[in-house]
Amino acid sequence: MSAMLSVQNLTRTFGGLVAVNDVSFCVEEGEIFGLIGPNGAGKTTLFNLVTGLTPVTSGRQFYRDTETTRMKPHQIAALGIARTFQNIRLFGSLSALDNVMIAQHLHTRAGVFDGVLSTPRARSEERHVYDYSMTLLEKVNLASRAHQEARSFPYGDQRRLEIARALALQPKLLLLDEPGAGMNPNEKAELSDFIRHVHEEFDLTIVLIEHNVPMVMGLCDRIAVLNFGVLIALGTPSAVQNDPAVIEAYLGD
Amino acid sequence: MNTTLFLQQLINGVSLGMVYAIFALGYTLVFSILGIINFSHSAVFTLGAYFTYAFMGLSWGFNGLLARQSLPLELPFVLAMLAGGVVAGLVAVVIERAAFKPLRQRGADPLLTLVSSLGIAVALVNLIQFLVGAEAYSYPSARVLGPLGLPPALNLSTPEAPLIIPTVRVVIIFASLIILALLVLLINATKVGKAMRAVAEDGTTASLLGINTDRIILFTFFLSGLIGGVAGTLVGLSVTITGPYLGISFGLKGLAVIVLGGLGNIPGAVLGGLVIGIAETFAPSSLKDAVAFVILFLILLARPQGLLGKAVVQKV
Amino acid sequence: MRVKRVSALLSGMLALALGVSSIGAQSQDPVLIGIGVAQTSNVALLGQEQVIGAQIAEAYFNERGGINGRPIRLVFQDTAGDEAGAINAFQQLIAAGVVGIVGPTLSQQAFAADPLANEAGVPVIAPSNTARGIPQIGEFIARVSAPVAVVAPNAVRAALNINPDIQNVAVFYAQNDAFATSETGTFQETVRELGLNLIEPVQTFQTTDTDFSSQIATALASNPQLVIVSGLAADGGNLVKQLREFGYTGLIVGGNGLNTANIFPVCQALCDGIIIAQAYSYALDTEVNNTFREIYKEAQGKEPPQFSGQAFAAVQSFVEALIAIDNEVGLDSLSLPELRAALNAQLRSMTFDTPLGPISYTEEGEIVQEQFYVAQIQMEEDGLNGSFVFIPIGDEAEEAEPQATPSS
Amino acid sequence: MGKHDGPILKVEHLNVNYGAIQALRDVSFEVYAGEIVTLIGANGAGKSTTLRALSRIIRCKSGTMTYEGQNLAAMRPDMVVKAGMAHSPEGRRVLSRLSVYDNLTLGAYTRSDRDGIEADLEQQFKRFPRLAERRKQLAGTLSGGEQQMLAIARALMSRPKLLLLDEPSLGLAPIIVREIFNIIRELNDQGVTILLVEQNAQLALQTANRGYVLEAGAIKFSGPAHELAVDERVRQAYLG
Amino acid sequence: MEGFITTYGFLMVTMTLQAMLALSLYLPLMAGQLSLASPGFYALGGFVAAVMSKSVFGFTNQQVFPLPLVFVEMAVAAAICAVVAILIGVPALRLRGIYLALATIAFVEVVRVVALNLEITGQAIGIFGVPQPFSRSFDYMALTLPMLLLAIFFVYRLERSRVGRAFSALREDELAAAAMGINPTRYKVLAFVMGAVLAGIVGVVNAHLLNTWNTRQGTFDVAILVLAYVIIGGSRTFLGPVAGGLLLTALPEVLRAAAGIQGLPAPVAQFLQDGRLIIFGVLIAVGTLFFPQGLITPRMFRRWRAAHPQPAAARRKEAQA
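Protein chains in written order, with this note's numbering: chain A, 1 to 253; chain B, 254 to 569; chain C, 570 to 977; chain D, 978 to 1217; chain E, 1218 to 1538.
Lysine-lysine pairs mimicking DSS-like chemistry, simulated, CA-CA at most 30 angstroms apart:
(1) K444/B <-> K354/B
(2) K444/B <-> K1103/D
(3) K1103/D <-> K1113/D
(4) K444/B <-> K563/B
(5) K72/A <-> K172/A
(6) K72/A <-> K563/B
(7) K354/B <-> K1038/D
(8) K1197/D <-> K987/D
(9) K444/B <-> K1138/D
(10) K1197/D <-> K1038/D
(11) K444/B <-> K1059/D
(12) K1113/D <-> K563/B
(13) K1138/D <-> K1197/D
(14) K1059/D <-> K354/B
(15) K1059/D <-> K1103/D
(16) K1059/D <-> K987/D
(17) K563/B <-> K354/B
(18) K1038/D <-> K1138/D
(19) K1138/D <-> K1103/D
(20) K444/B <-> K1113/D
(21) K1059/D <-> K1113/D
(22) K1038/D <-> K1059/D
Please keep in mind that the hints were generated in silico from the structure rather than gathered at the bench.
For reference, chain A alone in the conformation it holds in the complex:
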C-alpha cells in the first residue's frame, strides 16, 4: 500500500515570503483529502508545486513511486494528475466542447498530417474524443451548450466545466482548487454530491481545497490544515474541527 501522492518537507519561498514551509503529508489511494486554511495560507501554492506549475524551492514530492519534484507540468499531467484552478483558467474564447476535447490531448496521438489529411486514425480519434467530451459535458449538464464560448458561462457552470475538463484528462488524482467558490449553499450541496459521484464513478483520488467548512467536513476522509505555509493539523474532519490551533487560525479569533 503505497501513498498516491506524498510530499516531503516541501518548501517554496517567493522573495522573502515563505509560502509553503516544510510541509509533509501523504494522500492515500482512493481518499478524498481536504486542504483548508485561511486565505494566503499556501494551499494554492501547494497545488502549484504538486502540479509542477511552480518549481519547488526545497523538499521532494512523489506520485506513487515516481519522483515529480523536478518535472514539468505536462509531464506531471501525463502521470495522471489533473487539476482545476482557484480563479478558473478555462480557455475562455474556445467552446466548452473544445475545452474538454483539448484535455484529451494525452490520450490521442494524431499528428499534424493526420489532422490535416484527416486520416482514419485521426477520424477515429476525433470520434472518440468528441463522444467522450459530450459524455462528460452531459455529466456536468452543459452538453446543450457545448458550442458556446466558455467565458460566456455563468460562474457556477464555469466551475463545473473546469471539472469536466480535468476529468477529460482521465486522471487518477484530481486536485480541485475551491470548486465551490461563489456558489450558494444549494449549489454547494449539489457540488458535494457531484464530487462524491465522480469519485466513485471514475475511481479517483481527490484533493480538495475549500473554504466552506461544512462542505469539507462532509466530503473529506482526511483534512490537512495549512496556516502561513505551515501544516498545523492533519486528521479526520472531527479531529481537525476540534483542534484548538485550527480554530485559532481558521476562524480568526
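Place chains B, C, D and E on chain A using the hints.
Just chains B, C, D and E now, with coordinates in the frame of chain A:
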C-alpha cells in the same frame, strides 16, 4: 587595438548610445504607461526636427506643397527647438486622442494599437514628403554653434594621439543628460510624476487614489512627443534632417534599445542605448547591425525581461 | 506633391487624369512616354531629381513642336523604393500605352521590373542604374547612365593629380546599396591598379546609418591621404562631415551617389573639396544644355544635378528617335507594338546631342558617352550653397573614355 | 452626522455584469454616516465587485448609487475620491515600486492644501509607527501587514468621509488582524464612516454596526451585526 | 480583360503570396507566439531558389525554368527553414510577447546582414536574372493560387485537429494548457517551424516572380507589414490573415488606379497619386478603429455557421457514427 583607438571608440560608442537613448526615452515612456509600442514615435521624432527648422524661419525646398514657404518668424535655435518639441508633443497628444484612446476604450488588443500607430507613422512620413519633399534640410551651423564660437570638434588629448569628439556630440550628450535629469526629477519629485508612476504600475489603483488616469496618459504622450521632438532636433543637428525617414531609421534600433533595457524602464533605455551603441562601435563595420542584434538575442535568452526589466511573476 | 508642378503643368495633368484609358492613339493625341521612378519612399530624393529632369524635357520638346507637331506627354507612376513597387508601376505604364519607359531609380528594382518591359516589348532607358548587368537584362533595355566602371576611376586619377603623394587610401561604401557596392569594386580596383595602398579592412555602412564614427576611427588609425566614399547623398554627406569633424584633412573622392546638390545641406561647409566624377556637367556649352540649365535654374534656384540631366537625356533619346521614325515611316502607320519595337531599334542606330554631350547606345543598350568630367565641390562661406567646379582629368583618363563599353 | 438627513451612501437595484456573467443582482443597501457597515459572503459572492462598482472602476449595468445626494454613476473614479469616498482595495494594491512616503502623498493627490497634507502625513505616521520607520522604503518590500496598514493610511490621506475597506485581514497573522481591526474601530470613533468587506465574518460582525450577507451576487440577509453574528443561517454558511 | 490581367497579373500573384506570408505569421500566433521571423525565412527561401536555379541547376533567364525544379527548391528551402527554425525556436520561444517579437526580429536582421556579406547571395546587388517557370506574371497564379488554397486548407484543418487544439490552448492559457498535458515547448516550436517552412516556400516562388532576390526582401519593414496584414485582417481566424494580406497588398495599387479614374478633379487625382501612402497609412489607423477585432472575426464564423447549420450537424453526425 591601441589605447587611443580604444578610448576613441569608447567615446564614439557612448555618444552613439546616447543618441539611441534619447530616441528611446519617449518610446519607453509611453510603453511604461500603456504597455504599447508606439511606432508613431519615430514620425513624431522626425516632425520635431522639421518643426524646429520651420520655427527658425528657414524656407522649404523646391519640392512639395510648401515649396519655398517659410514662417514669418525667426527664432534662435534653442527656442525653435523647444517650440518644435512642444508642437511635436501636441501632435503626440492628437495621436493619443485620435488613435490610442478609442482603441483603449474598446479594450482592443495592444497589437492592434501597435498597427494603428504604424499606420499613423506611414501617413505622417508621407505627409512630410508631400509637404516639403524628400530632400535633406539642415540648421545653418552659423545660427546654432556659431553664436557660441565653438569649433566643430574637441580634442581631448594631444595632437599626436588625438581623442576627438565632435562638438555636436558633446552637445547631444549634455542635452541628453539634461533631458534625462529633468525627466527623472519630474518623475520622482513632482506630483504629476508620481501620478505617472502610479498609473504605470497600476492604473486602477491610481484612479482609486483620485488620479485622473486619462489626463495622465495624455500628459505622458505630450512628454513623449516633447522629448521625441527635441531628440529629433538634436539628431537633425548632428546628422542633418536627412529626409522624412530620419526617425524611421531609428525605429528598429530604438525598439531593440528599449527591449534590451527592459520595456518601460527609463534607466533601462539609457543602459540599452549604451550597450548597443558601444557594441556596434567595436564590431567590424560589415557586421555592425548583426552584432547589435545577436547581443540583444543572447541577453534576452539570459534575461527574458531585459536588463533592468522586472520579471513578471505569473499568478496561478 | 509639388505645387510647382501642379501649377505649371495643370493642363497636362488634367489631360493625364482624363486620358489614362484612351490608349488607341489618334494622330493628334500626344505620344505617351512612361516615367517610372521613385516618387515616394526613402529613394524619393533621387526620384525627385529625375522627375524634374523629365518634366523639363517634356516642356522643352513640346515647345519645339513635339514629334513633328504631335506633342509628347509623360505618364508618371511611382515605383516607390521596392521591387514590387517597380513592377507594379511598370505594368501600369505598359498598360497605359506608353511607347517607352524611363526608369526605375534603383538597379535592384531594374533587375525586377525590366524583364517585364522586355517581355512586353517596351523599350526602357534606365536613367540611373549603374550596376553591372543592366543592359544585359534584355534587348529592350538600355541605359543613359554610364556604368560606374567607366566613370569612377576618373575621380581617383584627378585626386592623384591634385596630390601626387597619396599612398594610403581608405575606402568606405554603403553595403546595402547595389550601386555603391558595384562602384566600390571599381574604386578598389583602380586604387590597386594605380599602385596605391588600400587600407584593409574596407569600411562599410548602411544607407540608413547616421553615425560613422566607428568606421572613421578605424580607418583614420591607418593614416590615409585619400578617402573614397560610395554611398547616397544623406549617408555619404554625413560620412564626409564626420570625417572632417574627426580631423581628416586629406582628399575625399565621392561616388556617383554623392553627385547631387542634396549633399550640401548635409555636410554644409565640410562638403568643400569633395572630388566627384561626373557623367554630366552643367558647364557643357551646348545649346541644349544651356537651355536645360536655364530652365532648371529658373525653377529650382540651383545648378542642375546629374540625375536630372540623365533623366532629360533619356526622354530626349525617346523623342528624337520617335521623330526619326516619324520622318521615315510615319508614326500613324505603326501599331503600338510595332512602334515600340521600331523605337527600340531606332534608339540604337543614332546619336543624340543631349545635355550629357553626344551619346549613343550600343546594340546591347549600353550608353556610349564621349565626355566625362570631374568636379570638385566648392562651398560658400556660410555653408549653405555650393557648386560643382569642374577640374581637368589626367591624360590617361581621356584616352580611356572613348572605349566606354559594357563592362561585362 | 452628515449634511444630509438620509444615508451617506445609498445603493438601489445595482446590477453588474462581467461579460456574460452577472456578478451582482439587484443589490440594494445603505450606509449612514458614522456607521461601520460590513458586507460578508463567500469568495466570489460579489463583495469586492460592489465596492469596485461604487468607486467607478467597473461599469454598472443598471441601478442607482448615491453618495451624499450625488449620483455616483455620473462620476469618474477620481471625482469619487474628490467627493470624499476612498477605497482601500482588495489585495492592498500598494504601488510597490514607489516608496511608502510616495504612496501616502499620492493618497492625497486630490488635495492641494500643503500644510493639511503634511499634518495628515504626520498623523498617519503616528497612527502606524511602523510606516514611519519605513517611509523611504519601497512599498513592495513591506510585509503583508505593513502593506495593509499602508493601504489604509493611503486611503485616509484623501480625508475621506466614507472609507471602503476590502478584505483588510487577507493573508495576515491573527495578531496583525487584531491590530488592524482596532485601528478600524479607532477611525470610526474619529468620525470616518466605514463600509467593510470581509471574509472573516466573525471578526467583521464583531466590528460592525450592521451587516449584509451576499450570496452569489445577491443580498440574502441583513441586520444588526450582533444579530447576524448569532444567526444560525449565517453561522451555518460560515462556521458549520 | 486581357489588358487587366497583364497589368494586374503581378499584383494578383503578389496578393496570393502576401496572403501566404500572413498565414506564416499566423501559424505561430495560433499557439500564442508573436513571432516576426517570417521575413527572415522568406528571405532564406528566396535565396535558396535564386542560388539553386542559377548556380545549381544552371539556368539563365533566357530559358524556361521547369516547374518541377521549383518544387525541388521548395523542398530544399522547407528543409533548411525547418532546421533553422528549430535551432532558433527552442531557445527563443521561452520569451514572451514583444520580447519574443524582438528576438525574432534579431534573426531577420542577422539574415539580412549575413546575406549582405556573402558572395553567394550577391551582397547588396543580390541575385538577378532568376529564371522563370512562366512567361507572364499572371501565369504564376496557376502555382500560387493552388498553393494559397492548400495553405488555407491546411490551416483550416489544422485548427480543427488535435494539434490545432493544442495550439489554441497554448494561446489561451499556457499554464492551464501545460496542466492539461500539453508540452508547451514542443507545440510552440512546431507552430514556429510550420510558419518558417511556409514563409520559406513563399520566398522561393517570389524570387522567381520578381526575377531577382536581394537583402531588401526580408526586412523589419516587411515584418511589420505582415503583422499589419494579420492584425487588420483579424488574428483569431485563419481567414483574417488571408483577407488582410490580399487587401493591404492591393490597397496601394487600388489607390494608384483611383488616381487614374476619369473625371476626377486634377488636385484630387494628383493627391491620390502622390499622397496614396498618406491615405494608406490613415486607412490602416482608421481601419483599426472600425474593426477592433480585425476584418474577420470568429463571431462572423459562428454567425455563418448558425445560418448554415448543415456542416456542424454533419460533423456531429459523422462523429457519432
